[in-house]
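K.L.:
Two chains, two frames, a set of hints: combine them into the complex.
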Amino acid sequence: MSEIIERIAQCIERGKVNAASPYPPDLKGQDGADELTAAALQMGIPPSDVLGQGLVIGMNAIGRKFSENKVFVPDLLMASKAMQAAMKHLKPYFESGQAQHRGTFIVGTVQGDLHDIGKNLVSMVMEGGGWEVIDLGVDVNADKFLNALKDHPKAVVGLSALLTTTMVNMEKTVAAIRQQSPDTVVIVGGAPLTSEFAKKIGANAYFPDPQGALDYLTGVAA
Amino acid sequence: MRFFSSLAVPEARALVFGVCPNPVRVTPHITVGSGETIPEVNYILPHGSEVSASTIDDVVTLYARMAEGVLERAYDLGIAKLIIEIELVFELTLNPSWGARVIRVTREAMDRYEAKGVHSALRTTVADIRDRVRPPRLRTSDETRLVFECFEACAADSDILSIESTGGKEVSDDALLNCDIGGVLFAMGTLGSNDMEFLWTKICKIADTYGKVAGGDAACGFANTAMQLARKRMLPTVFAAMVRAVGAARSLVAIECGAKGPDKDCAYEGPVLKAIAGIPIAMEGKSAACAHSSPVGNVAMACCDTWSNESVPFVQLFGGFSPEVSLEQLWYDCKLMNEATRSGDAVRVRDLLTLSDVRTSAEALVLAPESCMRIAKAIISTPDRLQRAHRAAKEALAIIDEAAGEGRLSIPEVEQNWIGMIRAGMDEFESLGDGAAAHYAKQYAHLFVPSEYGLT
Chain A
1 MSEIIERIAQ CIERGKVNAA SPYPPDLKGQ DGADELTAAA LQMGIPPSDV
51 LGQGLVIGMN AIGRKFSENK VFVPDLLMAS KAMQAAMKHL KPYFESGQAQ
101 HRGTFIVGTV QGDLHDIGKN LVSMVMEGGG WEVIDLGVDV NADKFLNALK
151 DHPKAVVGLS ALLTTTMVNM EKTVAAIRQQ SPDTVVIVGG APLTSEFAKK
201 IGANAYFPDP QGALDYLTGV AA
Chain B
1 MRFFSSLAVP EARALVFGVC PNPVRVTPHI TVGSGETIPE VNYILPHGSE
51 VSASTIDDVV TLYARMAEGV LERAYDLGIA KLIIEIELVF ELTLNPSWGA
101 RVIRVTREAM DRYEAKGVHS ALRTTVADIR DRVRPPRLRT SDETRLVFEC
151 FEACAADSDI LSIESTGGKE VSDDALLNCD IGGVLFAMGT LGSNDMEFLW
201 TKICKIADTY GKVAGGDAAC GFANTAMQLA RKRMLPTVFA AMVRAVGAAR
251 SLVAIECGAK GPDKDCAYEG PVLKAIAGIP IAMEGKSAAC AHSSPVGNVA
301 MACCDTWSNE SVPFVQLFGG FSPEVSLEQL WYDCKLMNEA TRSGDAVRVR
351 DLLTLSDVRT SAEALVLAPE SCMRIAKAII STPDRLQRAH RAAKEALAII
401 DEAAGEGRLS IPEVEQNWIG MIRAGMDEFE SLGDGAAAHY AKQYAHLFVP
451 SEYGLT
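In the order they appear, the protein sequences are chains A and B.
The opening position of the first sequence corresponds to residue 1 in our numbering, with each subsequent residue numbered one higher.
The opening position of the second sequence corresponds to residue 1 in our numbering, with each subsequent residue numbered one higher.
Bound-form chain B, shown alone (with noise of 0.2 Å):
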C-alpha cells in the first residue's frame, strides 16, 4: 500500500482544470485529465419510482432510453467525448443480476453511438449497502457479499469503478450533530479509513481482474452531510468547512490502495487528492444544483477533470428530457473550460471562479486552489491517518481563521459562539496525545463495531 509523502502538483498554479500530472486512460478514445475537461452526467429513475420483480423490465427499458436521450444529444451537438454514470440504488444493488443489465443496456447504447463517434465511458457507482443495520456489519454481512458481488457483475460493461462508501458514517452522524470534532476525527481518520483500506483493496482487485478503472471514493455521507445541514443552516458552516478537509485525509485512502481516477463527483475535496496524488478528478458544482444546492458551486469547478451534474431525476422539460438537458448544461461549462486551456487562461478563468464564492463562504475557502494545497501539505506531513485528519482539520481552521481576521470571508455571527467551541474541541483532542483514537473509540462504543473495522 502507497503512502504519499510528497505532492504531485507542486504549486498552486499547476492546481487548474482539465490537467493532471497522472492522467488517466478509461477508453481507448477516453484519456482523463490529459489537457481537456469532459463532461460526466448522472442520470436517476423519476421521483417515486418503484424497484422490484414487478418492475424491472420496465425500469430496465427506462435506463435504455435515458442513456439513448443522452447519446443522442451528445451526438446531435457533437460532444466527441463524455462519461456517463449510473449510480445503482439500493434495489439495483442488492441484486446485483439487475444491476447487471441496467449497465448492459447502457453499455450496448454507448456501442452503437460509438460507432457515431461520440466517444463515451461508463462509470458504475454501486450502492454502499453495508450500513442498513446499525450498527453496521461493514466486513461480516450479506450486504457487504452482495456489494462486491455487484461490483463483479457490472464491471465487464464498465469502465469506471466507484462507490459512495460510508465506514465510520454511524459515529460521523452522531459527531456531527454534537459539532464534536474529536468524534468527526476519529469517525474519518481512523474508523473511514480503515474500512477505506479494506474495501479498495478489493475494488481495485476487481478492477484489475476486469482490466478496469478503479476510480476512487468520496467523503459524502459525511462531508456532504456536513454542507447539506449547514445549508439547512443546523450546523455551523465553519465546522462543516473542517469536515471537508477531513474528508480528504479519508477520500485519499482509496488512492493509496491503488485507485487511480477519477474520483465520485461529489467528492468536492477531490483538488487535494488531485494536489497529492496526481490523479484525474471528477467534481460538481453550479450544473449540480438538479440535485442539491451548495455554496461552492463556482469553486467547484476550478480544478474539475470531469464536470459532474450528480444526479436528475428522469423529467421532461422544454428543452428535451433532463439527463440530455443536464448534458447539454455541462457540456457548455466545458467548452468554456477547454477553449481557456487552449488560450492560456486557464489560471485566470480558475481564479475567477473562484474568487466568485470564496468570500463569502468557508466551505468554498478550504476548496480554492491554495487553500487546497495546504491542506494537501497537512496531510502527506504524518502517515498516521487519525493525526493526518487533524492535520487537514487544524489547517483549515486555520485558513478560515485568517481570511476572516483580515476581512477577506464574512463568517454569520450566530456562528461565533460555535467557533469558540470548537477551537476547544480541537485542544481537547491534542491533548490527549496517543490517547485520542481510545478515547473517542470508548466515548463511541455503543455506536460502531470496532471488529468490523479491523479493530480488536
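Bound-form chain A, shown alone (with noise of 0.2 Å):
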C-alpha cells in the first residue's frame, strides 16, 4: 500500500477532515482526507484502491475501537465527514463505474418510533464501509421499505426501534419484506432488541453496534 493511502485510512480513523479542520491537534495544518484524497487520484492509483485500502481501512478502524469502548460516537462522527470529503471525489468514479459499493443498504426506523440516533450510526458505519445507505428516515411502514426494495432488489435491509410498542412494527415489516422477497436479508437493531426476537420475527440477525453489522454483511456481500 503506498504510502498516500496509508495517511489518508490515518486521516479517515483520526477525523481529519481537511487541512483547515482543526482536529485532531496534533495534525493541526497537514493535509487531510479531502486533500490527500484528490491527490492520489491525480496520481493514477486506481479508485478502488483509495476506497478499498484507504477510505475502509481507516473506517473500519475506528469502527473497531468504536466496537471495544475505546472512543466514542464524535470520534465515529469526525471520521465519518472525513470520509464524506474523501468520498465526493471518488463520486464521478462510482457513477462511471469504475468504483463500485460493496452493496446496497436499505435502513429505516420502523413506523411509530422516531428514534434516529442509532439509525443514522449504522448507516454512517455502513457507508463508510463502502455500501450505498438508503436512508428511510423514520416511522417508515412496510409499504415505503417493499417499494424501496423494488429499486433495488438486491439490496440488504437494516430495521430499527427504540421502543417496546414498536416491537410489532418491526415483526409486521419483516413479514412483508418476506413475503414480497423471501431472499432478502434483513437485519435488527435497537435498545430493546434480542437475537432471539430477532430469529422470533424472522429477520437473519440482530446487532448491539454497527461495527457487528457492518462485519457480517461484508460477509453476506462477499
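In case anyone wonders, no lab produced these hints; they're calculated from the structure.
Computed from a predicted model, the values in this text were never measured in an experiment.
Please note that a few of the clues may not be correct.
Claimed, not checked - Have a look at the derived ranges for each label pair, beta carbon to beta carbon:
id, chain 1, residue 1, chain 2, residue 2, range
1, A, P92, B, G258, 55 to 65 Å
2, A, K144, B, D57, 27 to 37 Å
3, B, D427, A, A176, 49 to 59 Å
4, A, G97, B, L317, 54 to 64 Å
5, B, A156, A, G219, 52 to 62 Å
6, A, K91, B, S97, 43 to 53 Å
7, A, F94, B, R139, 37 to 47 Å
The beta carbon of each residue, even a glycine, is placed where N, CA and C say it ideally should be.
P.N.:
Here is the structure:
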C-alpha cells in the first residue's frame, strides 16, 4: 500500500477532514482526507484502491475501536466527515462504474418510532464500509421498505426500533418483506431487541453495535 | 410570565426529600411536598402490544386491569396515598378519544378504591408526537393540534397534566452526537426554551380551565438521551452531566409559565427546579431499573417528593404483575424516607444516598444537593435563556473539575481527551458573545424551522 493511501486511512480513522480542520490538534495544518484523496487520484492510483485500502481501512479501524469502547460516537462522526470529504472525489468514479459499492443497504426506523440515533450510526458505518445507503428515515411503514426494495432488489434491509411498543411493527415489516422478497437479508437493531426476538420475527440477525452489522453484511456480500 | 431571580430553597440542607417550600394539593387528600414522599407508579402495555382500532377495546380493558391490580396491592399494603401515571403512547395521543378512554377506566378504578380508603391521584402524560416529521412543525402541524386535543380530552379525569416535550431535540440529537456543547446550549437554551413557553402557556391554560394541576416537563429527550448514550459508552459521562445541568435551565420554563409541580419523574434535573422554584418534584432512580439503567439510582432519591418507577411493561412475576410489584418496591422506599423525616434523620439519609453515588459518576455528582444549589444559583443569575443554559453547563463543569482535582471523583481515562475538546467548545461559545445564537442557528439551519420556534 502506498504511503499516501496509508495517510488517507489514518486521516479517516482520526477524523482529519481537510487542512483547515482544527481536529485532531496534532495534525493541525496538515492535509486531510479531502486533499490526500484528490492527490491520490491525480497520481493515478485506482479509485477502487483508494476506497478499499484507504477509506474502508480507516473506517473499519475507528469502527472497531468504537466496538471496543476505546472511542466515542463523536470520534466516529469525525471519521465519517473525513470519509465524506474523500468520497466526493470518488463520486464520479462510482457513476462511471470504475468504482463500485459493496452493496446497497436500505435502512429505516419502523413505523411509530421516531428514534434515529442508532439508525444514523449504522448508516454512517455502513457507508464508511463501502456500502450505498438508502436511508428511509423514521416512522417508516412496511410499504416504504417494499417500494425501496423494488428499486433495489438486491439490497439488504436494516430495521431499527427503540420502543417496546413499536417492536410489533418491526415484526410486521419483516413479514411483509419476506412475503414480497423471501431471500432478502434483513438485520435489526435497537435497545429493546435481542437475537431471540430477531429470530422469532424472521430477521436474519440482530446487532447491538454498527460494526457488528458491517462485518456481518460484508461477509454476506462477499 | 415569571422569571426567578432568587432561590426558594435557601440552603442545601433544606433541599431534601418529602418537603418543599410550595407543596401542591393535587386532590383533596393528596398534597405533594408537604412532609411525606408519595409513590408514583407508571405502567405500560406488554412488549409488542398493538394499539389500533381493532385492538383498542382490549387495550382499554388491560389498562383497567392494570389499574385495578395496582390499587388492590395498595389496599393490601395499606398504602393510603399514591399517584398513578399514565404515559399515553403515540397511538393514544394521535387518537385522543382512545387516550381519554384509557384515562377514564383508570379514574373509575381509582374512584372505587377511594371509597376503600386508598387515596390516589392520576397524572396524565400526553406523548409529544410533534416531531414525527423532521424538521418538526411544532406549532403548525396536525400533530400539534392533536396534542392539545388529547390534553383536553383527558383533563377532566386527570389530576396532573404533563408532557415530555421535544422542542429543540432535532438539533440536540445532532449536537449530542458531535459532543458540541455550543449546539446543545442553543438547542435547549434557545429552541427548547422557546418551545416550552409556547407549549406550557397552553397546557397551563387547559389545566386552569379544568381545575387541574399543570405538573411539569422533563429534559428527557435531551439529558436522558445523553445519559443513555453515556451508559452505552457512546458519549463522555462528563458531557452527559453538563447536558443534565443545561436541562434544568430548559425545564424551568414550564414553571415560569405556571406549572406547579410535581414535575416529571424522568426530569433528573428536578432538584435544581426545586431549589429555584420550591416546587415538589417527581424522581426516579434504582426503582426505575425496570425501565432503564442509570448511574444515579440513589442520589436521585435524595430530594424527591414523589418516587417513581418510570414505567414498567405489564408482565407476570412471582410476586404478581409488574405494576403491582413496582408499587410495592416504591412504597418501601417511601416508608424509609418518611420514617427518616419523622425521626429527624432525613438529611442524614439524603447524604448517604448522595455519597453512595457521587464518587463514581460525574452525572451523579451534579445531582448532589450542594451541586444542584450551585447550578440553581448559576441559572437565576441571568434572565437570558441561552446564557443561563451556558452558566448551568459551566457550573457543572466547575463542579466536576473540582471533584476530580480533589480526588473525590474518578473520570474514565477514555474521557480525558474529550474534556479538553468540551472545554474548547465552551470557550468558543463564550467568544461568540451576543452572536452565539445566530452562529448556532446558522450551523444547524438545515435541521430546524425557525418560525416553529417563534424565530424569524
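K.L.:
All the hints need checking, so say for each whether the structure fits it.
P.N.:
Okay, the hints, checked on the actual structure:
no., hint, in the structure
1, A/P92 / B/G258: 55 to 65 Å, "59 Å, holds"
2, A/K144 / B/D57: 27 to 37 Å, "29 Å, holds"
3, B/D427 / A/A176: 49 to 59 Å, "51 Å, holds"
4, A/G97 / B/L317: 54 to 64 Å, "59 Å, holds"
5, B/A156 / A/G219: 52 to 62 Å, "58 Å, holds"
6, A/K91 / B/S97: 43 to 53 Å, "51 Å, holds"
7, A/F94 / B/R139: 37 to 47 Å, "41 Å, holds"
Consistency with the previously given hints is maintained throughout, with no hint failing.
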